[in-house]
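Residue numbers (my numbering), protein chains in the order written: chain A, 505 to 936; chain B, 505 to 936.
A hint or two may mislead.
Stated by the list, open to error - Cut-off 30 Å, straight-line C-alpha distance, at most; resulting in silico cross-link-like pairs (BS3-like, lysine-lysine):
| # | chain 1 | residue 1 | chain 2 | residue 2 |
| --- | --- | --- | --- | --- |
| 1 | A | K649 | B | K649 |
| 2 | A | K649 | A | K662 |
| 3 | A | K901 | A | K890 |
| 4 | B | K890 | B | K649 |
| 5 | A | K890 | A | K649 |
| 6 | A | K630 | A | K901 |
| 7 | A | K662 | A | K783 |
| 8 | A | K630 | B | K630 |
| 9 | B | K649 | B | K783 |
| 10 | A | K662 | B | K649 |
| 11 | A | K649 | A | K783 |
| 12 | A | K649 | B | K662 |
What the hints contain is simulated information worked out from the structure, not anything from laboratory work.
Spelled out from the first residue to the last, the chains are:
Number of protein chains: 2
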Amino acid sequence: MTQSTLTRSWVASANGHTDFPLQNLPLGIFSLNGSAPRSGVAIGEHIFDLQAARELFDGDARRAIDAMAGGQLNAFFELGRGPRVALRERLLELLAEGSEQQAKLQALGAQVLPLAADCQMHLPAKINDYTDFYVGIEHAQNVGKLFRPDNPLLPNYKYVPIGYHGRASTIRTSGTDVRRPKGQTLPAGQTEPTFGPCARLDYELELGIWIGQGNAMGDSIAIGDAAEHIAGFCLLNDWSARDIQAWEYQPLGPFLSKSFITSISPWVVTAEALEPFRKAQPARPGGDPQPLPYLLDTRDQAAGGFDIELEVLLTTAAMREQNLPAHRLTLSNTQHMYWTVAQMVAHHSVNGCQLQAGDLFGSGTLSGPEAGQFGSLLEITEGGKKPIELASGEVRKFLEDGDEIILRARCQRDGFASIGFGECRGTVVAAR
Amino acid sequence: MTQSTLTRSWVASANGHTDFPLQNLPLGIFSLNGSAPRSGVAIGEHIFDLQAARELFDGDARRAIDAMAGGQLNAFFELGRGPRVALRERLLELLAEGSEQQAKLQALGAQVLPLAADCQMHLPAKINDYTDFYVGIEHAQNVGKLFRPDNPLLPNYKYVPIGYHGRASTIRTSGTDVRRPKGQTLPAGQTEPTFGPCARLDYELELGIWIGQGNAMGDSIAIGDAAEHIAGFCLLNDWSARDIQAWEYQPLGPFLSKSFITSISPWVVTAEALEPFRKAQPARPGGDPQPLPYLLDTRDQAAGGFDIELEVLLTTAAMREQNLPAHRLTLSNTQHMYWTVAQMVAHHSVNGCQLQAGDLFGSGTLSGPEAGQFGSLLEITEGGKKPIELASGEVRKFLEDGDEIILRARCQRDGFASIGFGECRGTVVAAR
Numbered sequence: 505m506t507q508s509t510l511t512r513s514w515v516a517s518a519n520g521h522t523d524f525p526l527q528n529l530p531l532g533i534f535s536l537n538g539s540a541p542r543s544g545v546a547i548g549e550h551i552f553d554l555q556a557a558r559e560l561f562d563g564d565a566r567r568a569i570d571a572m573a574g575g576q577l578n579a580f581f582e583l584g585r586g587p588r589v590a591l592r593e594r595l596l597e598l599l600a601e602g603s604e605q606q607a608k609l610q611a612l613g614a615q616v617l618p619l620a621a622d623c624q625m626h627l628p629a630k631i632n633d634y635t636d637f638y639v640g641i642e643h644a645q646n647v648g649k650l651f652r653p654d655n656p657l658l659p660n661y662k663y664v665p666i667g668y669h670g671r672a673s674t675i676r677t678s679g680t681d682v683r684r685p686k687g688q689t690l691p692a693g694q695t696e697p698t699f700g701p702c703a704r705l706d707y708e709l710e711l712g713i714w715i716g717q718g719n720a721m722g723d724s725i726a727i728g729d730a731a732e733h734i735a736g737f738c739l740l741n742d743w744s745a746r747d748i749q750a751w752e753y754q755p756l757g758p759f760l761s762k763s764f765i766t767s768i769s770p771w772v773v774t775a776e777a778l779e780p781f782r783k784a785q786p787a788r789p790g791g792d793p794q795p796l797p798y799l800l801d802t803r804d805q806a807a808g809g810f811d812i813e814l815e816v817l818l819t820t821a822a823m824r825e826q827n828l829p830a831h832r833l834t835l836s837n838t839q840h841m842y843w844t845v846a847q848m849v850a851h852h853s854v855n856g857c858q859l860q861a862g863d864l865f866g867s868g869t870l871s872g873p874e875a876g877q878f879g880s881l882l883e884i885t886e887g888g889k890k891p892i893e894l895a896s897g898e899v900r901k902f903l904e905d906g907d908e909i910i911l912r913a914r915c916q917r918d919g920f921a922s923i924g925f926g927e928c929r930g931t932v933v934a935a936r
Numbered sequence: 505m506t507q508s509t510l511t512r513s514w515v516a517s518a519n520g521h522t523d524f525p526l527q528n529l530p531l532g533i534f535s536l537n538g539s540a541p542r543s544g545v546a547i548g549e550h551i552f553d554l555q556a557a558r559e560l561f562d563g564d565a566r567r568a569i570d571a572m573a574g575g576q577l578n579a580f581f582e583l584g585r586g587p588r589v590a591l592r593e594r595l596l597e598l599l600a601e602g603s604e605q606q607a608k609l610q611a612l613g614a615q616v617l618p619l620a621a622d623c624q625m626h627l628p629a630k631i632n633d634y635t636d637f638y639v640g641i642e643h644a645q646n647v648g649k650l651f652r653p654d655n656p657l658l659p660n661y662k663y664v665p666i667g668y669h670g671r672a673s674t675i676r677t678s679g680t681d682v683r684r685p686k687g688q689t690l691p692a693g694q695t696e697p698t699f700g701p702c703a704r705l706d707y708e709l710e711l712g713i714w715i716g717q718g719n720a721m722g723d724s725i726a727i728g729d730a731a732e733h734i735a736g737f738c739l740l741n742d743w744s745a746r747d748i749q750a751w752e753y754q755p756l757g758p759f760l761s762k763s764f765i766t767s768i769s770p771w772v773v774t775a776e777a778l779e780p781f782r783k784a785q786p787a788r789p790g791g792d793p794q795p796l797p798y799l800l801d802t803r804d805q806a807a808g809g810f811d812i813e814l815e816v817l818l819t820t821a822a823m824r825e826q827n828l829p830a831h832r833l834t835l836s837n838t839q840h841m842y843w844t845v846a847q848m849v850a851h852h853s854v855n856g857c858q859l860q861a862g863d864l865f866g867s868g869t870l871s872g873p874e875a876g877q878f879g880s881l882l883e884i885t886e887g888g889k890k891p892i893e894l895a896s897g898e899v900r901k902f903l904e905d906g907d908e909i910i911l912r913a914r915c916q917r918d919g920f921a922s923i924g925f926g927e928c929r930g931t932v933v934a935a936r
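Please construct the entire structure, taking both the sequences and the accompanying hints into account.
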């Protein structure tokens, strides 16, 4: 691995301030001018077209690229860690300053390195099943406090990595508009619901996790093996209709309040790229129970967490018209996860549930404990009681039509190139 | 339509007591001796091989068969009602006694009509998303009573067709063994959970609904159009780990307590076959609210229900050894659905959630109000307090290893051929 070095790329835009330096190399599916979707790697402001450059790879690295044919990464995810690492190592060679292929690739120009701004991004994989967890303990506490001030966390929270099945059909990449959903809501003080557009539309800041190799139904993935089953990471906005949610969610959980759309950032940031930004899982507060044995692994305790800075920005239509800078809603970090990704995988499969390559997990909202760190408007405005004031003079309790939410993530550590995830954007459009 | 007549088939076994007379013609995916899965129609004790008989079809009927190539019915479901009806009408001609093709098809024998007993059934479609509803009001009341004797139904029940996202990856056809899941449970009177095999394994008797044509994200399916989006029906056993469920389900709903397996009967019984067994939706009890306008349609009120008799049988390993007859656990009916299938479709899509061909809905447990009609052991034994006595001398509070559950369904009406769904079976095997 040359990741810990600060090797530069001959792709100039990969060397400045970018989410995609040589050390990142996230994978995605793109198309250009209406071409069939194909696989690529983000590098600076460009996309390295893996199919176009296929002849420069051999062995496991070529096997990885061939598994991406068809415009989906599922079969590549299924190959597991070996081919993914082989692909990365060859990419690190090819794209490094002084690479033996530099002149040739530079001569090919946009044939192998189109500008990302000219490309259309697609979902990186066919998502078979989507599971949304709830491992952001500060969010669980903040939300719990709104309903149960004295007892915000339910008794199972510190034993069970709580999660539920989400809707796979409405997961979309960054940039897809968010149609305001309609549904039933119970007006305050009433006993009969009304029907209409959601009035309490919210975002949720989450980490997305792409599943690699799956397991057979009836088998479980041991926590010590979980890393082998994780293909990569993205940002995820779990758009939420709070008024619909409050009325529908008992006793079987959120349903239409979430299933209208879920947005993800299109690049799959690999575990290898994130390796330098691993952290110990934060120590459990005194008095918290130890995880049950199936959720406990010393390596996972020592390095199962991540230090990834997470940010949420808001612009309104008026702010964009006035060229005002985006309003930062949230600055948080993945260290607020009470359960690690490995614990999620072990828990999800402990009952024999089959995971498949291309399954997506959401972490749950990753809020911090302080003001400025809350990952949803529900928390920031305390359910609408404390509106936000914006530089445009507007106020917001929840999202209005025309509002755009932008999620970003960045990893920084002394001696290592800083990497990002690319953006996850979505603009609210009026209900039909 | 010749369905209302009692036309006989030249396939002799289709004329006696069978789930699959000429009037049924359910569709499925089968293979024979390890062949590639392909589409067929159940007729008596045989399967009519649609690919083998393709030349006998033209126009929309052939288009229907061609859409089934690849061993999945999704593209056929997507074609909608027209091609499905054309296929049915041609099948009614071809397989009727005196058909002009009778001699030719009889001469081909097992080449076009293999015995079902020789065939392996597969999932009829790639299931993109699976949603489990909760429309069995008697079940909701029976279960609610166990926890809230004075207030069994939550306030939203009579307004919202309650549902939640289920796990698609572990849906299997009849005959697949049910591995007892492991998980966390909270022993009575304790405050800390333990880990181990589920001790309260249960079945749930449900109707399954196959979605036909889908909708674009952001669009809704009006209740008056819902029938156009329903491809067919099956039986569904929503196996449930009650002890895991009780500990995990707050606040986001059931998760690992359900996701270890869901069993379905392999034949897709079409809306056309069920047409004679349509019923008015049972009148809402006095005092119940009218459905909100988006859930209200006069045609649906008049004929949106079904009269389908549902049955659950249990055999234990000891009972099978002693050749004892199966024990009937449940005799219920689809008339206990508080919401129609059209209401489920309209509700699911009202927020713009995209439905896709091959999505599967479960109805929720369809219990009746009386003893003998309860669709789960949770209800029958009142959570284990009233064990069942079996002819073998055994007792059951919940399912033991070796127990087999068999779901059946039958439609009967004077002047019409009786049709069934085929079985949905599953045998519990020990935890790993």
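Here's how the hints hold up against the structure:
A C-alpha spacing of about 29 Å is found between K649 (chain A) and K649 (chain B), which places the hinted pair at or below 30 Å, so the restraint holds. Straight-line distance between C-alpha atoms of K649 (chain A) and K662 (chain A) comes to about 16 Å, which keeps the hinted pair within the 30 Å bound. For the proposed pair K901 (chain A) and K890 (chain A), the alpha carbon gap of about 7 Å is at most 30 Å, so the pair holds. With a C-alpha separation of about 15 Å, the suggested pair K890 (chain B) and K649 (chain B) falls inside the 30 Å cut-off, and the hint holds.
Taking the CA atoms of K890 (chain A) and K649 (chain A), the gap is about 15 Å. The hint holds against a cut of 30 Å. About 35 Å separates the Cα atoms of K630 (chain A) and K901 (chain A), which puts this hinted pair outside 30 Å; it is violated. This hinted pair checks out: K662 (chain A) and K783 (chain A) have alpha carbons roughly 20 Å apart, not beyond 30 Å. Using a Cα cut-off of 30 Å, the hinted pair K630 (chain A) and K630 (chain B) holds, with the two alpha carbons roughly 12 Å apart.
Taking the CA atoms of K649 (chain B) and K783 (chain B), the gap is about 29 Å. The hint holds against a cut of 30 Å. Distance check on the hinted pair: K662 (chain A) and K649 (chain B) sit about 29 Å apart at the alpha-carbon level, within 30 Å; holds. Restraint check for K649 (chain A) and K783 (chain A): the C-alpha separation of about 29 Å stays at or below 30 Å, so the hint holds. Straight-line distance between C-alpha atoms of K649 (chain A) and K662 (chain B) comes to about 29 Å, which keeps the hinted pair within the 30 Å bound.
Figure legend: structure checked against the earlier numbered hints; the only hint not met is number 6.
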